[in-house]
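In case you want the letters, here they are:
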Amino acid sequence: MNTVIEARNVSKHFLLRHNASVELKVRFLGLLSPRHRQSIEEFWALKNVSLQIARGEAVGLIGRNGSGKSTFLKLIAAIHRPTSGRLLVARDSRISSMIELGVGFHPELTGRENVYLNTAIHGLTRQETDAIYGDIVSYSGLEHFIDVPIKNFSSGMYMRLGFAIAAVLAPDILLLDEIFAVGDADFQQRCVQTIMGFLDQGKTIVFVSHAAEAVRAICQRACVLNQGELVFDGDVDEGLHFYDALLHPGGHNQAVPASHTAAAAQIETQPGSDTRREDSAAWMFDRVAQAGLQPSDRVLHFGNADPSTIERWRSFLEENHYVPLFDDASVFGLGGQTELFDVAIADSVFPFRPFNAVARCIASVVRTLKPNGRFYATWFENPDPANFEPIVQPNGITSFSDSEPYHYPFGLIANVCESVGAVVERVPGTGHPAGESLLVISPRR
Amino acid sequence: MSVIAHDAAGPVAAAVVPVRPSWLLAVSLDAILGVSTYMVSYWLRFDSERLPAFLPGAWSTVPLVAGAQILALVALQAYAPRPRASWLSRVVAGIVLGAAASALLLRGVQGISRMAFAADALLLSIGAVGWRGIWVLRARARARTVTRASVGELVDRAEDMTLGGVVVSLYRYRSLLKSLVLKDLKLKYRGSVFGFLWSLANPLLMIVVYTLAFTFILGVRTEMFVFYLMLGQLSWTFFASSTMMSTGSIVDNTALLRTVQFPRAILPIATVLFNFAQYLLTVAVFLPIMLVWYRVPLVEPMLLFPVVLVLHVAFTIGIALILATATVFFRDVRHLVEVALAVLFWTTPIVYELGRVPERLRLLILLSPMSPFVVAYQKLFFFREWPDATVWLVAVTYAVGAFVIGGALVLAFEDRFTELV
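Residue numbers (our numbering), protein chains in the order written: chain A, 2 to 446; chain B, 518 to 938.
Isolated chain B (complex conformation) (with noise of 0.2 angstroms):
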């Protein structure tokens, strides 16, 4: 062998063009989105009396509202053939933007709901940002399996990563998981004298100063108010701390990122998991109490209990992976994370109750990240009935829409991650 030429040409920047879909196809999807969305906001604002009034205004709006998105889009540039990184918010851009003229223009207009414009432009932008999401994930599974076909037996090990989708890839690391989640377990008990108490201890004291605030000196006086609080209290207590912890889980182990390759999107969903372990164990402990204090039968709708878990923690997971993604690239999402928080504990109801809520308020509260999964909680256990059919669509958009978007958005970056953290 011998000393190698070089031609003077300069390497060749990359020739993967990502596959985006063509604009007929874009357009289409988002209209029918968009009518499907606007519709399904007027039937979440109104219960089943008031809803036949509402409809003939909503379907002589659903045109100019879905055309004025579906505008803003194009004016954004969101069908451009080769959009740059900001695809997606450019997206919810035009999404917001579009329902905003249109909530403009209609200004006035009798018999038509200004919640439902707010609903509907959060609900498109859900299923607008995930289907293109999806898309994304096809396109780089084709990918793969062309170049497995032209390369042999060798084989691309960053692309292989991301073979199936996060889903896969936690499955064949499983055991990685449960290591990374009894790790943390055991670090969080270990050289403490109560170790597993304090868990129980912190909900219990925060359900004692609101049981004291609200029914000592507000003075409202609810019938097993502690068992209510108890069910909004653990399961949000669950989501906020998961997404706390996972604004660090990515650029807090740069070490592990710098020297082994594995699936990036393990360690937002260890924490997840680390999280929801407690909030089993805590519910495991608080809930049979409740039960038995308060003599409550136990009735059909609690056997759901395990579907509404399973949502919940889809959700928790896709936040977790957004926000994990996202404070990559800007530091401050962890701060901004701490204020978010402390509103949306407010916007939920775990302190007050849904029903009490101002009627027109009603849908807003509902469409709090967290509500759907509380308000399912309190229907089981508090008023021992179905959960309505609304809070159910609500928590499955969220669920499987915060699901694909973060995996999506892990797969897309995560090859950037080791140089940015």
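Excised from the complex, chain A in its bound form (with noise of 0.2 angstroms):
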């Protein structure tokens, strides 16, 4: 095996200072009064983990937040120093890291002076800046604005920027942190396109993601950290069963094969079946409290919900914080309420009414959210785009079937949400077994 990257038994310790001050005074107090004292607390971010990457391998790194995914990969990068064993790479291999894209511009700067700049950082010479320079502009697409100081860009073009550099440096390992999480669909595509690339010239890629479906894309081997330890190396549908596992121990969903279609199909010919709400109900409690739900949050939880489910989000939130509607009827009576909502909530809305319900009731609920809020739905994926083909009426008037099945397409409730003024994303790595997915919605700042 060609090995380029090996961690042999690396751990990395850091030390939580509690209290803690670089000013001189504190530390001076500190030895007077125990008040002041700054108390330290360890933290193994991660213990002896080992593992060998050969050339050409993809890994993809995945772990709940702060399992030490991306510390390892600032290992890997040499920002950090192991607290012991060692880390090490093949001698003279150029690593580039997307860690943070675009870090480092300085916004007074031109594009073309951030560009000379960010490639001297990585260590290349101006000369051999020169000769790439003309691929990243034209990678980046930003030939018009590269003579226009960076603090004028938009924080897309600024990633974009990021991105070309760190790819037409052509690095022999490429390190990937949180990728996906930033950016436009167009964007997120080319970093697929231009990863792909790579992979098929046989650079080493190591992935951090929580998004599933981008590491499946991507990699063929998974590593699953937990709590700083390496928990699974292996093959990544393998991987992610594992890490799915890791997430939901004793979990509904832990058991369910990766055939979502069957699951699917099965459900589909019984839509009013409670269990299937239910189910999805449930789940969406554990990825809206995943995804940072405060118990001093308002909520607006409107759709079917199981009494059992109720009580688990009004136990979870504090008294009169959560606000439950059953009907269409009651989310448009929502008009008058005084108090703004930080999360609204409807599960299996969308599958379940007529279109004009469903982009009333989308309207009607992101009225009712702070500037700031969310609103998640569940959202079944039409299978068939065919299904939902508009209708003439013979008056002239276009309007949707709203005959079963009438799942309605991503790009028709993006633009409901467009024309309410809000923003509407997939969650990703949000596959509910019944093949349901997450839709987060938010007010458009």
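What the hints contain is simulated information worked out from the structure, not anything from laboratory work. Don't take every hint at face value.
[Unchecked claim] Derived contacts from chain A toward chain B, CB cut-off under 8 angstroms, selection only: (1) Ala91; (2) Ile100; (3) Thr126; (4) Leu248.
[To be verified] What the simulated footprint calls covered on chain B by chain A, stretch by stretch (three residues with Cβ under 8 angstroms from a Cβ of chain A suffice, anywhere in the stretch; the number is not a length): (5) 698-712; (6) 771-782.
[Claimed, not checked] Residues from chain B shown here face chain A by an in silico Cβ test under 8 angstroms; the list is partial: (7) Leu671; (8) Val672; (9) Tyr690; (10) Ser692; (11) Leu693; (12) Asp932; (13) Thr935; (14) Glu936.
All C-beta atoms, glycine included, are put in the ideal place defined by N, C-alpha and C.
Now that you have both chains on their own, put them together as the hints suggest.
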């Protein structure tokens, strides 16, 4: 095996300094009174991790937040040093990291000057940069803006330039950290294409992500980290299942096989099935709680949920912060609501209501949200868009079929949201075994 | 492949124990240094006519002084087999304590110089910390060679960073250094109408103020006072703004540190070179004007100008590296530097002449950090003579000492910068 990255019993130890201060004053005070003394908590970000990565391999590092994935990436990039053990990489291999795109750009400098500065930081000489400068600019598609100070760039342009530099530098080892969490669909598409291109050229890729689909698309091998320990190393599909089981110990979707479509087809035949609805309400609770729901948030719950799920919501949130609504009419009646909601939940809304009602529900709920609020909705992707052809009525009005199956295409939902001033995104990595997925709708800032 | 089983044992703490010099070697090196710095202090203190009168006193007290310093070092555990990170501060504290104790013991004895004790403590501290710095650098280099042999085709990049010390990595990253300096210069003048003229205006204004104050208010009538002042003021401005800016050069670049790996020493060095570029520009404008205005004849000593420049830059880089590293650990350094610079300006012979300082204080003024360089510039251009051997000795000691200590500090601690900023 032609090893390019080798971790030998790597451990990384961070000291979390509570009451920490780099001021001398506080250090002197600490000598006198215990109240000012800093207490040091030891934290092992990585424990005895050993693995080898061969040339041309694409490895996905998966794990919860704080499991040590990013730390491991930074150890490979030599930004941090292991506390013990050794992290070795192939001699003379060029490592390019897309850990934080565009960091290190200076806002006052133009795009061109930033490109030269950034490549110099990666150790290129001016001549080497001259040779690839044209490629970087054309790759980024920013020809017209390259001589504009970068402070005038949009965040998307910022990232495009950062990505273009990292891509054109043609590294031997590419480190990617949650790159799909940012950027528009177009940008993400481009990332995937570039990464696939690198794979074809036999480059080595280490990829950190929460998004199961992205990991599956890029990697053949997955390493699961849990609390700093390497708990799984092997095939990507097995790894993702292992990770899923880790996230939901004893959960219902742990045992569900990958055959999503079969389960979906079986449920489609009985759309009114209560089991499916309850299932998705409980599932949503987990997802939303995972996305950072706070007990102080005010939640508007709109849909049919099982009493036990409602109880979970009530017990999680502070008193009077949970407002359940069980029919469309009460949603529309919310116009006079004085308090705004942080989070709105709509389970099983879209597949089971006529299109007009869906559009009006979205509009009503978005209006009741705080400016930084979130609206989560389960959504059943239309397996066949042909089922959803617009119908032109004899009187010339265009409408959509309200007879089953009428699961709406994503583009249509996006249009509805746009018309009410909101943005809709799929929450990555949330495929419900029954075929549903989760959408997040946020009022446009 | 399968699920990975773990043994119960937790991660083992780093097994790499830094190699310290044996105590015998350390003690003898310190003793030799102690004797020589004490004697050199006498040589610096007295001119050649008065020196013979004091040499017997110096020779008779040197065993006591050096012995007291070694004893203090032993007492403060500077030779312990595994002292902690405070190693260097123990060394400095021991030397100062030893010098102070022997000065107290010898109070009232005739034929010795009290100033020499201060000079001895300062020079010995630089020497003792300096050789320890070189030792640490050598030990790291050797450890790297051993690693290389054991890991074959793979390398440990974080360790590889320090290869050959600061100088080699500087050369490898010269393009980055150039880019950083150019970036700062561009940003400084971008959008301003007068651009570079501002860099000239600042020293010009200071010279006007001091000239008014000294010639018209205090009534000091020195020939060519403006020229004299300019030599000191320009080089001081370079040093002062470099050290001020260098304190933030690492802590203010968090984003860069967290995403890319490169020799961290580059950042303070780029700050110094940015200020050096401006210094050169102001010198290139003012020096010819002054030489022509005062009809100063060109003489051979002026050829030494580049040598003094190199020493001055090396010294400033060393101080910048020390301050940048210290700021990572104590943010107070920034404020301390501001105060220290205000004091140091007046302990440096910029607005006054070293020759007019009372004879017994002259050594202390010469040992003020920037003095040897300022004095050297003044000797070359104003007095048009070769600088004394004492000036050279102090300048070279300061430049090499600061550079070695600064380089060793950055290399020893740069691993921890990312976690601490």
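Which of the numbered hints above does this structure break? 4
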